[in-house]
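Work from the hints to combine the two standalone chains into their complex.
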Amino acid sequence: MVGVTTTGPLEALLRTAFPDASELAVEDRTGGGDHFQVIVSCDRFTGLSLVEQHRLVYDALAEPLADGSIHELRIRTRPRSEGGTTP
Amino acid sequence: MSDLREQIQQIISTEPVSVFIKGTPQLVMCGNSDRALRALRSAGAPVTAVDVLPDPRIRQELAALSGWPTIPQVFIKGELIGGADIVEELHASGELERRLEQAFGSEREGTVKTAAL
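So the sequences go chain by chain: A and B. Counting with the numbering used here, you get residues 1 to 87 for the letters of the first sequence. Counting with the numbering used here, you get residues 88 to 204 for the letters of the second sequence.
The set of hints was computed from the structure by calculation and includes no laboratory data. Just so we're clear, the structure is a prediction, and the values are computed from it rather than from any experiment. In this text, a Cβ means the ideal position worked out from N, Cα and C, and glycines have one as well. One or more of the hints may lead you astray.
Claimed, not checked - Pairs of lysine to aspartate or glutamate residues, derived as EDC-like cross-links and limited to a Cα-Cα distance of at most 20 Å, are as follows:
| no. | chain 1 | residue 1 | chain 2 | residue 2 |
| --- | --- | --- | --- | --- |
| 1 | B | LYS109 | A | GLU52 |
| 2 | B | LYS109 | A | GLU23 |
| 3 | B | LYS164 | B | GLU194 |
What the hints assert, rightly or not - Partial list, computed: chain A residues near chain B (C-beta under 8 Å):
| no. | residue |
| --- | --- |
| 4 | HIS54 |
| 5 | TYR58 |
| 6 | ILE75 |
Bound conformation, chain B alone (with noise of 0.2 Å):
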């Protein structure tokens, strides 16, 4: 396994909620990462962005890891909820609030971070 790949897991199996996005919360560069950030954001989500844009390679790394095809990509305690269509149906439904609910209770603060690979 490739350095690159152990440390996307690593985001992805330490951070609460990790979502690879194209670009950064600050400056979001495509629209379907904008819509999965947003639904996070509304859903109180403690949030880990990773921007995929620097390299290549991170795409290849997480596609493989993920066996999801896209960006964006959700996990939430290391668990791939889906890309930004998913997302923002289970935010719709209030699912997404209550599968955040169900891992870090309802006092949990909605935040935002980067991590950079």
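The following block holds chain A by itself, in its conformation from the complex (with noise of 0.2 Å):
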């Protein structure tokens, strides 16, 4: 069976929350389209506890992650895109 959930929907979903994200990622780690890595840069997040940015990844994938679409979702936030710094 194919999956219905690809990064696509999670992108768009993502896009509507941080619109001016300067940096936006969906990966499927698996190929199994359940397993995601998302990256999100974003001046939102500054001033933000890592908590306090990670929750809001989880509110706005809320619905993928209560229906059961999302098995593991692995979050990497920065405030703003810090070219460079990432490993």
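Structure below.
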């Protein structure tokens, strides 16, 4: 069966939640359509703790998290794009 | 508030460092739980691990308490520090050790024990 969830719908949800993101990426880590890595760099994160930043991402993806279409989610957030500092 | 939720809150409030994982420190059943546990161990944290797998209600009650939807969840002195990504990131930057030192001093002993619900 082909998974309904690809990275597209998640990216759309994140774009809506973070329209001013300077960096926004969703990677399907396993190709199975339910293990994702998301990266969001956004000025809105400035001054927020990592917990608060990740909460905003969880809020944006609340629906796919609740309905089980995301089995595993890795999150990487930055207040803004910091060129060259990401590993 | 349910008894189970009270028990969870009790652990979070009273244990120095609590981590809710899938499995036990001896047999971790999830890569992310393992990542969080490794970072805490490596930073010399006095860890109390709680297995959420025996009863699905543990996850539900924990999420209701913390407002955090995923497992693992790490707390230091009752404060939610985050999941595996945050704990790894804090460990890599030295911030995790700094927080542990602030909370428990530099003479703290890195230990791992379990608490059952």
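Verification of the supplied hints:
1. LYS109/B - GLU52/A: violated, 23 Å
2. LYS109/B - GLU23/A: Roughly 32 Å separates the two Cα atoms, so the pair is violated.
3. LYS164/B - GLU194/B: At roughly 17 Å apart (the allowed maximum being 20 Å), GLU194/B and LYS164/B satisfy the hint.
4. HIS54: holds, 6 Å
5. TYR58: holds, 5 Å
6. ILE75: holds, 5 Å
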